[in-house]
Structure formats: structure tokens, C-alpha cells
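Protein chains: 2
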Amino acid sequence: MQRERFGRVELEAGGVLAQVEVGYETWGALNRTGDNAILITHALTGDTHAYDEEAGDGWWQGLIGPGKPLDTDRYYIVCSNVLGGSGGTTGPASIDPQTGRPYGPRFPLVTIGDMVRVQHLLLQHLQVSRLALVIGGSMGGLQAIEWAAAFPERVERCMPIATSAKLSALAIAYNDAMRMAIQADPAWQGGDYAAGEGPVQGLILARKIGMITYRTYDLFEERFGRETVRADVPLGDTRFQIESYLDYQGEKLTRRFDANAYLTLLKAMDLHDIGRGRGGITGAFARITGRVCWVGIDSDRLYPVREQRMWAERLREGGCAVEYREIVSPFGHDAFLLEFEQMGAIVEAFLGGRESM
Amino acid sequence: MQRERFGRVELEAGGVLAQVEVGYETWGALNRTGDNAILITHALTGDTHAYDEEAGDGWWQGLIGPGKPLDTDRYYIVCSNVLGGSGGTTGPASIDPQTGRPYGPRFPLVTIGDMVRVQHLLLQHLQVSRLALVIGGSMGGLQAIEWAAAFPERVERCMPIATSAKLSALAIAYNDAMRMAIQADPAWQGGDYAAGEGPVQGLILARKIGMITYRTYDLFEERFGRETVRADVPLGDTRFQIESYLDYQGEKLTRRFDANAYLTLLKAMDLHDIGRGRGGITGAFARITGRVCWVGIDSDRLYPVREQRMWAERLREGGCAVEYREIVSPFGHDAFLLEFEQMGAIVEAFLGGRESM
Numbered sequence: 003m004q005r006e007r008f009g010r011v012e013l014e015a016g017g018v019l020a021q022v023e024v025g026y027e028t029w030g031a032l033n034r035t036g037d038n039a040i041l042i043t044h045a046l047t048g049d050t051h052a053y054d055e056e057a058g059d060g061w062w063q064g065l066i067g068p069g070k071p072l073d074t075d076r077y078y079i080v081c082s083n084v085l086g087g088s089g090g091t092t093g094p095a096s097i098d099p100q101t102g103r104p105y106g107p108r109f110p111l112v113t114i115g116d117m118v119r120v121q122h123l124l125l126q127h128l129q130v131s132r133l134a135l136v137i138g139g140s141m142g143g144l145q146a147i148e149w150a151a152a153f154p155e156r157v158e159r160c161m162p163i164a165t166s167a168k169l170s171a172l173a174i175a176y177n178d179a180m181r182m183a184i185q186a187d188p189a190w191q192g193g194d195y196a197a198g199e200g201p202v203q204g205l206i207l208a209r210k211i212g213m214i215t216y217r218t219y220d221l222f223e224e225r226f227g228r229e230t231v232r233a234d235v236p237l238g239d240t241r242f243q244i245e246s247y248l249d250y251q252g253e254k255l256t257r258r259f260d261a262n263a264y265l266t267l268l269k270a271m272d273l274h275d276i277g278r279g280r281g282g283i284t285g286a287f288a289r290i291t292g293r294v295c296w297v298g299i300d301s302d303r304l305y306p307v308r309e310q311r312m313w314a315e316r317l318r319e320g321g322c323a324v325e326y327r328e329i330v331s332p333f334g335h336d337a338f339l340l341e342f343e344q345m346g347a348i349v350e351a352f353l354g355g356r357e358s359m
Numbered sequence: 003m004q005r006e007r008f009g010r011v012e013l014e015a016g017g018v019l020a021q022v023e024v025g026y027e028t029w030g031a032l033n034r035t036g037d038n039a040i041l042i043t044h045a046l047t048g049d050t051h052a053y054d055e056e057a058g059d060g061w062w063q064g065l066i067g068p069g070k071p072l073d074t075d076r077y078y079i080v081c082s083n084v085l086g087g088s089g090g091t092t093g094p095a096s097i098d099p100q101t102g103r104p105y106g107p108r109f110p111l112v113t114i115g116d117m118v119r120v121q122h123l124l125l126q127h128l129q130v131s132r133l134a135l136v137i138g139g140s141m142g143g144l145q146a147i148e149w150a151a152a153f154p155e156r157v158e159r160c161m162p163i164a165t166s167a168k169l170s171a172l173a174i175a176y177n178d179a180m181r182m183a184i185q186a187d188p189a190w191q192g193g194d195y196a197a198g199e200g201p202v203q204g205l206i207l208a209r210k211i212g213m214i215t216y217r218t219y220d221l222f223e224e225r226f227g228r229e230t231v232r233a234d235v236p237l238g239d240t241r242f243q244i245e246s247y248l249d250y251q252g253e254k255l256t257r258r259f260d261a262n263a264y265l266t267l268l269k270a271m272d273l274h275d276i277g278r279g280r281g282g283i284t285g286a287f288a289r290i291t292g293r294v295c296w297v298g299i300d301s302d303r304l305y306p307v308r309e310q311r312m313w314a315e316r317l318r319e320g321g322c323a324v325e326y327r328e329i330v331s332p333f334g335h336d337a338f339l340l341e342f343e344q345m346g347a348i349v350e351a352f353l354g355g356r357e358s359m
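Chains A and B supply the protein sequences, listed in that same order. Here the working numbering is used: the first residue of the first sequence is 3, the next is one more, and so on. Here the working numbering is used: the first residue of the second sequence is 3, the next is one more, and so on.
Read the hints as simulated data drawn from the structure, not as lab findings. Glycine is no exception: its CB is placed at the ideal position from the N, C-alpha and C atoms. Accuracy of the hints is not assured; some may be wrong.
[What the hints assert, rightly or not] A few chain A residues facing chain B, derived, Cβ under 7 Å:
(1) 186
(2) 227
(3) 342
[Claimed, not checked] Listed next, the in silico DSS-like pairs over lysine-lysine satisfying Cα-Cα at most 27 Å (straight line):
(4) 254(A) - 269(A)
(5) 168(A) - 269(A)
(6) 269(A) - 254(B)
(7) 254(A) - 254(B)
(8) 254(B) - 269(B)
(9) 168(B) - 269(B)
[As the list claims (entries may be wrong)] Every beta carbon over 12 Å from chain A, so not counted as near; a handful from chain B, in silico:
(10) 7
(11) 31
(12) 70
(13) 95
(14) 113
(15) 129
(16) 199
(17) 225
(18) 274
(19) 284
(20) 289
(21) 315
(22) 320
(23) 322
(24) 323
All chains, please: the whole structure from these sequences, using the hints.
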């Protein structure tokens, strides 16, 4: 991961950050005109590590690489950690240069628009003139569609996946439960926990709630069913594999994610409404000049296809050049992290749809 | 609510209760042959108060009454609180007669089968010889289908609604998250909290997780959308109506429900598998002699229709007299508490399908 430092950043809700460090990774090379760039915007618990040529452990490994749909031979691919996050970019666990202590609960309110403006600073620094594509799923999709409305002249193509132009009540509801899980943990201490400590149980529970919501009945049934961790134990000691799996996923997250950052990102998601300050959704969509390919997932329980089709339809009504594609998957919301074959075909068709570079 | 006390009850998992008190309500009159009874089995947070002729505040008020689908002029209707619950029947908040203190975390493990055996004791006491119908949704449905397998000679008709013959991995997953919400609250104190105290925040969070799961994207979107509690507040003070609604629902439950009872019922649900000790589901279904009408809800996200249709199909394959009906509703899982018109029509057809009484 590389890091770049920027000066004073004023935030949408009125806060100010005296400086912002941005963690990011890039793959491929920028062309002379600076317009073969692709920006990958990551989801809630995502990070910059979308691809790793050697280790092969990037979270979008199946989509990125030489000759892959996100082709590192043709494109300059950038993935930066979001503002307020926990993976290299300034966030609540960062040191406030004005106090020498971590921001903790004093970290200012950040919006999806703020994340996008910081990404814009980074791309300017990297001499990117125009994005051939901005692409992301879930919270990454919130950023992708915000990009198209905030910097239309910079966005040639935009692919929001399993996401919203403004967050739904259902998604706010789940965020509310995850927020309470963290804040009700006494180890949260109002956000003022010491580095490396913090609300481990609360973050585990938040992650569990998330994981269940991101998956499906069918998947859990097929993969776990009523399988138990150990057979031949008294009935009262029954522990199901699905419980063990959720514990594991929760604990895994606590080793790499700051709880205050999790809260910051949840709130940014809740406040996501690309129509704010732009005359509503219609006004925001009227700004978009790039082409949009909106992608839904048929089994998504958090951002249901009904909503995905609605956004594509409203973009079309708003005069945008939009197409809609749907991934068929048993994985639910998380399919955008797993169904590389279908995703790849959609990305290739969208990028190849007209002359690029 | 009436109460009846029974002696020593041995439980499936090996525990023993020296005595069990059962809270229940009845409406209508039992006939001389004792076979015009209907047993209503309630859901996780349900209670005995399914109907109230005067106050009109029963939770199945729309289904019960003179001339209603569950007709108090024709049937003797019984609704008892479940064993291990929080509404009148012996549960963790009850006084252990052997110690003079509440059972708390020492309350023994209870199964759905145990609940049904205690209901059977009550019905024997009430001189009911046969159930014209046992009916319930969600956890009530777990009991209904258990009744048909446990006491086939006593069940003429059985109507499980939005439920399972053995609990799914998805339902166990949500139960796991709700359990953690309660147990991670330091006020839970390993279950040894004082009466009237206890893990209020944990129970609120558990209820929130439940409420979200019991409803749907469409319903929340239509009813709440992105409506805020107050307009014209700074962005950072935004509070959405959906958050306020979930807080209210959570707090409301804590005023009437014991957290240890909630945990006891979650575990009973997890362990629900009518095939246990009966040669699997096929063996259990082979015991059933009564008619079954299995009811699904098209928008149910917790007990999806795919599962509901599967249970009806497996009952049919097992040689049971089964029919399947589906409620069309935007309410999701909770539709069995709300869609009285459709529910009523299904109940009437099922009860009227052949000579009764």
C-alpha cells in the first residue's frame, strides 16, 4: 500500500480535517492522456487490497489482472481506502495532528460525498484526467454513483453494484442494529478506548448481523444446515456450525477493523442521498453525463433487485445512458465479491461497448 | 389469565421441574365429548392473550370471536403460555420452589417437545379429548407440527404457519445474533440479574434484530423511507424514523419480557427438529394421522416460501393428508399476526372442509 498526504479538507457536514492521509494501491500504468484509469470503490469492510499479482489474495482477484475484465495491461487501476475507514486512510483510529492523540469519538462526521472528494484529490495527484470506469458494490456502489453525480466530467463509465442512490429504510435499520451492538458494549467507552482495545464483542456482533444479511437462506441451508460442531454431546451442549462460522467471521474482522471506523462508515451510509443539495434524485441524475451500468443481484436481501431495477429505471427516465444487468446467484448481497464469472462478463461488455482509451 | 399447577415434569434434555404452573386463557365452551377444542400456540414474544371480547386487544383478535374463523360459539379455544416463557407459565423468572429464588440461569433446557407435553397436561386437565385444530405461526408453528407428531391421536387438524419441521440455519443464525445481544450485555450477569433489572439494552437490540427480520424492504420503505424524526437539524443530528420505531419496539418488549426467558425460547427453537428420536423427519411425518394445512407467506424472509412449500411437499411424500396455502402480503414473516382476512379464509376452509364436532 502507498500513502499520500493532503492538506486541509473541509467536510460536507461542517467538520474540518487539518490533513488527510490516503492509503491506496494501483495496478497497471497510466497512459499519457491520463484517461485509462479505473477507480475501484470498496465496501464497508473492504480495503485497498483488491488485487495482488503475487500473493493472489486480493478481494477482487478474479476480476483484475493481465487479460482479465479489469485488465491491468490496458488500464491503470486504483483502489484507495475510504476516508473515515480503517485500512490506511485517515479515520477515527488515526492520530489527530492537533492533539497528538487518536481522534476516536472526536473524528468528524464524514459523508459518501466526502469520501469521493478525497478520492478525487488522490486521482488529481496521480494525474488521472478521467475515469474510464468507477466501479464498486454495496458501500462501494454508493461511492460509484456519487462519483457520477459529483464529478460528471471525470466519469466516462460508472458501475454501481447492489447499491442505492439513497439508502433504504431497511439498510438504515440494519445499520442501526449494528451501531447499537458496538455502542452498547461497555468496552466502547463512548468511543474513547485505547488503541488495540475497544469493543471486541460489539464489533463481533455487528459483523454477525452483517454477515447474515449479506447471505441467504439457501446458501446457509446448503452449507451448514443443522450440522453441529461435535456429534454425540448432550442436547444442551449442541453448537451448530453456522454459529461457529459467524463467531469466526466476527472475530476475524476485529483483528483488522477499528470499531469507531465501522460506526463512521455506517453513518456515512445512512446519510447517503445523492440528491442532497442537488435538487433531489432527479437533479442529481440530470448531472450525470457518463454511461451507467447498474447491476443487481437476484438473491440480494439487503439491496433487493426490485430496488436495483428501480434505480436503473429512474436513471433512464432522467435521460441517462443506462443499462441494467442482473447477477443470478445463491450468495445474496455478497455475490459481488464472489461471482467473478458473471461480474467479469458484465464488466467486459460495458468496457468494450465502445472505443476506450 | 387462569393458572393451573402440575407436579414434577421431566424434560427431554434430562432436566426436571419439581412443579410447573401454566398460565392460559380459554374462550367458548367445551362440548360433552371434549373434541371441539382448538389450541393456539404462540410465537416467541407472544402470550396467552390472543383474544379479548371486551378490550379487543388480543394478538389474534381479528381471527377469534363469535362467528369468526376461530369461532367461540362453536369451539373451545385455549391459548397457554409456553414452558420457559415469560407470560404466566413457569420460566426462568419463576421462583424455584427448591431454593425460594428465581431459577435465572439455572432454569433447565427446554425443547419445543417439552412445551407441547406441558400443553398436553393442561388439555388433559381441561378434559379436552381431541383437538379439532392446533394452530400457530413461527415458534407457534414449531409447536403445532410437533403436536401432530407427538400426539397424533389427539390432533384432528394442524395448521403450522411460516415455520419449520426443523429449524433452518438462517433462523439459527439470527437466534445466535439475538442471543449474543443479550449475553454480551454486562447487565445480564450470566443470567443472575435481580427481578425487574437485567439486560435492557441487550433485549432491545435482540428485539430490533428480530423486528427487522420479521418485516420487509417494501414495508419499511413505504412506511418510513428516509423520513427523519426532526427536519432542519444539522446533518450530524439526523435521526431516521425507522431508528426511532425500532427503539420503541425494543423498549416496549423489555417492559413485558424476561431476557432469560427470551434466551430459553431461542434455544428451544434452535433445537427444534421433529425428527429427533423419531427416525428423522420421515419417521416423524409417518406418525401424523391428522390433516395438515401448511401456510407460507410470500414475503417471509426468515421462513421463506421455498422452505414452506418444501415441508408441505415432504409431508405429502410421507403420506400425510396435507394442503398448502400461501398468504400474499408486504408484511413479511409478521403477516400471520396481521393478515386476518387471508388467514381467516384459510382457517375457515380448513375447519369447514369436512364435518366437525
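Evaluation of the provided hints:
no., hint, result
1, 186, "5 Å, holds"
2, 227, "6 Å, holds"
3, 342, "25 Å, violated"
4, 254(A) - 269(A), "22 Å, holds"
5, 168(A) - 269(A), "13 Å, holds"
6, 269(A) - 254(B), "25 Å, holds"
7, 254(A) - 254(B), "34 Å, violated"
8, 254(B) - 269(B), "22 Å, holds"
9, 168(B) - 269(B), "13 Å, holds"
10, 7, "26 Å, holds"
11, 31, "40 Å, holds"
12, 70, "33 Å, holds"
13, 95, "20 Å, holds"
14, 113, "7 Å, violated"
15, 129, "33 Å, holds"
16, 199, "16 Å, holds"
17, 225, "8 Å, violated"
18, 274, "10 Å, violated"
19, 284, "15 Å, holds"
20, 289, "20 Å, holds"
21, 315, "15 Å, holds"
22, 320, "19 Å, holds"
23, 322, "22 Å, holds"
24, 323, "27 Å, holds"
Going down the numbered hints, you'll see the structure goes against 3, 7, 14, 17 and 18, while the others check out.
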